[in-house]
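Asker: Work out the full structure, taking the sequences as your base and the hints as a guide.
Residue numbers (numbering that gives the first Met the number 0), protein chains in the order written: chain W, 0 to 259; chain B, 0 to 576.
Some clues are possibly wrong.
Using 27 Å as the maximum straight-line C-alpha spacing, the simulated DSSO-like pairs for lysine-lysine come out as follows [what the hints assert, rightly or not]: (1) K253(W) with K274(B); (2) K488(B) with K329(B); (3) K488(B) with K440(B); (4) K8(W) with K9(B); (5) K440(B) with K178(W); (6) K9(B) with K10(W); (7) K253(W) with K431(B); (8) K372(B) with K488(B); (9) K253(W) with K82(B); (10) K348(B) with K372(B); (11) K10(W) with K398(B); (12) K348(B) with K307(B); (13) K546(B) with K274(B); (14) K178(W) with K253(W); (15) K546(B) with K259(B); (16) K82(B) with K8(W); (17) K398(B) with K253(W); (18) K8(W) with K115(W); (19) K173(W) with K253(W); (20) K115(W) with K173(W); (21) K178(W) with K431(B); (22) K398(B) with K178(W).
Read the hints as simulated data drawn from the structure, not as lab findings.
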Amino acid sequence: MSDAPTGEKRKVAFLGGAAIDGAPIAYIVVLAAVTTALAFIPFSFALAGGGSFPLSQGIWALLGILLGPIAGAISVGIGTLIAIFVAPHTAGVPVVTLLQSILCAFAAGCMSAQAKRGGWWIIAAVLGGVGGLYYIGRAISVNGVSLGAAVLGSLIQIIGWLLYVLPTRNLFGKWVGSKNVVLLALGVILCTATSFAVAHFFATAITYTMFNWPQEVFLLLASIIPVEYMFRFIVAGVIGVGVIVGLRAIGLVKPERGLY
Amino acid sequence: MADVIAVLDKVSYKYPRSPGLVLRNISLEIYKGEFLGIIGPTGAGKSTLCLTLNGIVPQFYGGDFYGSVHVSGLDTVENPISKLACCVGSVFEDPETQLIATSVENEIAFPLENLKVPVDEIRRRIPRVLEMVRLSGYEKKSPAELSGGQKQRLAIAAGLAVQPSLLVLDEPTSQLDPVGAQEVFAVVRELNRQFGMTIVMCSHAAEEMAEHADRLALLAGGRLLALGTPDEIYPQVQLLEENQVRPPQVCSVFYSLRQKRLPVQNIPVRLEEGKQTLRSVLQGGRLLPPPAFPAPPAPHGTPLFSVKNLRHVYPDGTQALHGISLDIRKGEYVLIIGQNGAGKSTLVKHFLSILRPTEGSVMIDGVDTQQLKVSQLARRIGYVAQNPDNQIFNETVEKEVSFALTALGHSPQVVAERTLASLQAMGLEEVKDRHPLSLPKGERARVVIAAILAMQPEIIIFDEPTTGQDYRGARYILDISRQLHQMGKTVIVITHHLYLMPEYAQRVIVMGKGTILLDAPIRAAYHDTQTLESTFLTPPQAVLLAKELERLDGRAYPLLTPAELAGCFERQNGHLG
Chain W
0 MSDAPTGEKR KVAFLGGAAI DGAPIAYIVV LAAVTTALAF IPFSFALAGG
50 GSFPLSQGIW ALLGILLGPI AGAISVGIGT LIAIFVAPHT AGVPVVTLLQ
100 SILCAFAAGC MSAQAKRGGW WIIAAVLGGV GGLYYIGRAI SVNGVSLGAA
150 VLGSLIQIIG WLLYVLPTRN LFGKWVGSKN VVLLALGVIL CTATSFAVAH
200 FFATAITYTM FNWPQEVFLL LASIIPVEYM FRFIVAGVIG VGVIVGLRAI
250 GLVKPERGLY
Chain B
0 MADVIAVLDK VSYKYPRSPG LVLRNISLEI YKGEFLGIIG PTGAGKSTLC
50 LTLNGIVPQF YGGDFYGSVH VSGLDTVENP ISKLACCVGS VFEDPETQLI
100 ATSVENEIAF PLENLKVPVD EIRRRIPRVL EMVRLSGYEK KSPAELSGGQ
150 KQRLAIAAGL AVQPSLLVLD EPTSQLDPVG AQEVFAVVRE LNRQFGMTIV
200 MCSHAAEEMA EHADRLALLA GGRLLALGTP DEIYPQVQLL EENQVRPPQV
250 CSVFYSLRQK RLPVQNIPVR LEEGKQTLRS VLQGGRLLPP PAFPAPPAPH
300 GTPLFSVKNL RHVYPDGTQA LHGISLDIRK GEYVLIIGQN GAGKSTLVKH
350 FLSILRPTEG SVMIDGVDTQ QLKVSQLARR IGYVAQNPDN QIFNETVEKE
400 VSFALTALGH SPQVVAERTL ASLQAMGLEE VKDRHPLSLP KGERARVVIA
450 AILAMQPEII IFDEPTTGQD YRGARYILDI SRQLHQMGKT VIVITHHLYL
500 MPEYAQRVIV MGKGTILLDA PIRAAYHDTQ TLESTFLTPP QAVLLAKELE
550 RLDGRAYPLL TPAELAGCFE RQNGHLG
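Answerer: Here it is as structure tokens:
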């Protein structure tokens with residue numbers, strides 16, 4: 000008896016109606032809940048924004064990586080919005096936190112070379128770039144911060160933004176899709192770092208307009224921001240690699256725009 | 000010809016990550032009002048076939064789908080799952096994974112709210128479906144407070160509330176104790192017979208399927224091998240055994256007798272028919288005297304476990320154990336049985352010092368377990384819990400098996416050697432790099448057992464090791480337990496699957512309501528059917544047939560298996576068979 004299928008091959012689509020941009024709504028909801036849950040855990044020193052930041056920052060980019068730019072941004076947005084009310088101790092400036100989380104997931108979700116959406120990353124890069132220019136420009140021109148201090152205090156974001164704008168963006172996205180766990184970890188960490196830097200620049204432009212911190216704070220930031228980014232790398236690496244390896248292994252359906 | 004409710008036409012399917020086709024050219028018609036049983040070994044494609052009926056395959060999983068499935072005239076590829084959900088109710092294996100609401104009535108209302116059913120109509124349907132599954136009066140109860148059988152019936156009620164024309168149940172009783180399984184089968188039969196609901200059910204419970212199903216579909220390797228009534232399918236014992244499917248024991252008995260050319264015209268598939276046929280075999284064949292079974296070795300040596308007047312009361316006031324006393328000696332193979340809530344797991348948890356006695360004592364080698372740390376006991380006692388997933392947390396099978404060895408500080412060489420040996424013993428070498436949760440449940444259980452074996456404990460406790468396993472998987476695990484016993488280990492097994500144990504256990508402890516009802520060698524225990532039934536355990540059909548033989552012949556036949564029963568008959572000289 001032949002085993003070859005004799006029936007007509009059918010075109011399979013996700014017709015459940017329960018998907019957004021190719022990501023099942025169940026995934027969006029679950030990951031939003033995870034974002035909210037992690038927002039309860041503070042993990043930093045009190046900074047210029049006025050409070051410690053939430054552990055969920057480590058997975059903002061991950062949601063973009065897993066769900067794609069639209070579904071990832073929606074999931075993060077829902078999770079962060081709820082967290083602002085239920086875990087206000089880590090919310091910082093709520094609106095800014097919300098916008099930053101959405102942009103971070105969107106930016107991470109754009110880090111693939113998918114032909115159809117090859118140019119989407121430019122939106123994130125422009126928002127981050129303009130934000131960064133405004134932030135540094137305002138520091139120098141309005142608040143008299145020296146160029147050196149301003150650059151030093153935002154060095155991580157500058158490097159991150161540059162790596163996002165350069166073709167390294169697609170390389171990191173490609174690593175996330177690698178079966179090699181080391182490359183996968185590097186991909187997750189670097190996607191997190193660069194997309195977070197882009198969103199960070201955008202958010203800082205708003206918070207700086209509100210708080211206008213002086214040169215001394217820039218110098219302090221120069222030492223603190225790398226430590227904070229390191230925490231985010233660790234969270235992203237540990238959770239991200241585990242989740243992606245697990246998802247691949249158990250064969251759950253992959254969201255259409257997911258990078259992994 | 001009866002009305003057709005679902006049609007599968009040349010259905011083939013491949014999951015996105017599966018190496019090959021999981022379903023292969025399946026064509027099948029399901030008739031309105033019938034109870035269709037789907038049988039087959041693990042990996043046969045039974046669950047996938049069920050998922051094609053509600054569109055989850057392929058709409059949720061993706062993959063390559065060939066052919067067509069129509070349910071109530073709807074093509075399951077072209078219509079959304081939400082629409083198909085109105086025609087097809089689905090109930091899955093583990094009731095715990097299906098219940099999400101905080102009360103029974105909310106659980107039933109949930110799917111209806113999703114389907115935008117008006118509130119008044121939801122209020123009308125809730126009492127109706129609760130009555131159908133015999134859960135009236137439980138409306139305000141939390142699903143978490145229900146027993147396993149009640150939870151599964153609630154899942155069925157939630158499925159029924161949408162008024163489907165077809166109810167699909169995938170192994171709905173495999174996680175339940177005998178009482179729970181009986182409750183579910185009774186409800187499903189009632190839905191089918193009284194309300195005319197079409198039922199499709201996958202199950203390894205051969206005796207129950209023979210009793211309730213109108214037709215059976217035998218699947219193996221994704222192919223539909225046979226389709227017919229239970230009376231047509233189950234007598235094909237050779238075909239079933241070739242495909243690792245266990246027939247009802249009554250079939251095995253009379254198939255063997257027919258092989259011996261005794262007068263068995265039709266192989267019965269149900270117990271009552273078996274008893275009738277037994278009479279005709281007695282008339283036409285020669286019954287040998289009861290075989291002499293060697294007396295089990297008398298216990299000797301000092302007890303390994305010594306339990307004295309053990310009483311345990313849980314913090315909520317539940318009295319789980321009432322003054323239990325027993326000794327288990329080194330090298331014994333002990334089976335502990337009893338209905339859910341009988342106190343089996345509570346007793347075993349005292350061996351591991353996971354629970355502390357409210358009164359009384361548990362000694363291991365003369366030392367009170369309360370004086371030992373759990374970690375000290377863990378080196379001597381391996382515990383395989385009922386749900387393997389609760390014990391799995393590493394990324395690969397190999398890491399899972401080696402985890403405890405590394406944590407205990409063994410050298411890398413010892414870790415590597417013992418890990419390899421354990422993987423080989425459990426047949427897991429080929430999947431050592433896989434994620435444990437990506438394996439089928441049967442193999443996940445073997446991963447946990449391999450991890451325990453690697454620790455080389457002297458006592459191994461298996462808590463419901465055969466739950467959720469097919470016949471082959473269950474036998475595989477029990478064969479390992481026998482090997483361990485032959486190596487001198489002390490083995491304690493808790494199970495509801497009595498038919499599996501005659502070839503393994505020597506001593507049976509029957510528990511009921513926190514007390515020991517019977518502590519006897521396996522033959523005596525299995526033939527004390529009154530005591531078994533008092534704790535809602537059903538003896539294997541071979542035992543019940545042996546009891547019938549005793550009744551007919553007057554002599555005691557302490558038989559346990561179909562082979563032993565068949566061995567008691569010979570052809571009469573000159574009988575042509």
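Asker: Hints first: check each against the structure and report whether it holds.
Answerer: Structure-based check of all given hints:
For a cut-off of 27 Å, the pair hint linking K253(W) to K274(B) is broken: about 55 Å separates their Cα positions. The straight-line distance between the Cα atoms of K488(B) and K329(B) is roughly 7 Å, inside the 27 Å bound, and the hint therefore holds. At roughly 26 Å between alpha-carbon atoms, K488(B) and K440(B) fall within 27 Å of each other, so this suggested pair holds. A C-alpha spacing of about 10 Å is found between K8(W) and K9(B), which places the hinted pair at or below 27 Å, so the restraint holds.
For the given pair, K440(B) sits about 25 Å from K178(W) by alpha-carbon distance, which is consistent with the 27 Å threshold. Restraint check: the Cα-Cα separation between K9(B) and K10(W) comes to about 15 Å, which is no more than 27 Å; the hinted pair holds. Proximity of K253(W) to K431(B) is assessed by CA-CA distance (about 24 Å); at most 27 Å being required, the pair is judged to hold. As the CA atoms of K372(B) and K488(B) are separated by approximately 22 Å, the hinted pair is consistent with the 27 Å bound.
Pair hint K253(W) plus K82(B) holds up; C-alpha atoms about 23 Å apart against a cutoff of 27 Å. At most 27 Å may separate the alpha-carbon atoms for a hinted pair to count; K348(B) and K372(B) meet this at roughly 13 Å. At roughly 40 Å between alpha-carbon atoms, K10(W) and K398(B) are farther apart than 27 Å, so this suggested pair is violated. A threshold of 27 Å between alpha carbons decides the hint, and for K348(B) with K307(B) the separation of about 15 Å falls inside it, so the pair holds.
Note on K546(B) and K274(B): the hinted pairing holds, with a Cα-Cα distance of about 10 Å set against a maximum of 27 Å. With a C-alpha separation of about 15 Å, the suggested pair K178(W) and K253(W) falls inside the 27 Å cut-off, and the hint holds. Restraint check: the Cα-Cα separation between K546(B) and K259(B) comes to about 22 Å, which is no more than 27 Å; the hinted pair holds. Distance check on the hinted pair: K82(B) and K8(W) sit about 22 Å apart at the alpha-carbon level, within 27 Å; holds.
About 26 Å separates the Cα atoms of K398(B) and K253(W), which keeps this hinted pair within 27 Å; it holds. At roughly 26 Å between alpha-carbon atoms, K8(W) and K115(W) fall within 27 Å of each other, so this suggested pair holds. The hinted pair formed by K173(W) and K253(W) meets the criterion: a straight-line CA distance of about 16 Å does not exceed 27 Å. With a C-alpha separation of about 16 Å, the suggested pair K115(W) and K173(W) falls inside the 27 Å cut-off, and the hint holds.
Between K178(W) and K431(B) the CA atoms are separated by roughly 17 Å; this keeps the pair inside 27 Å, and the hint holds. Note on K398(B) and K178(W): the hinted pairing holds, with a Cα-Cα distance of about 18 Å set against a maximum of 27 Å.
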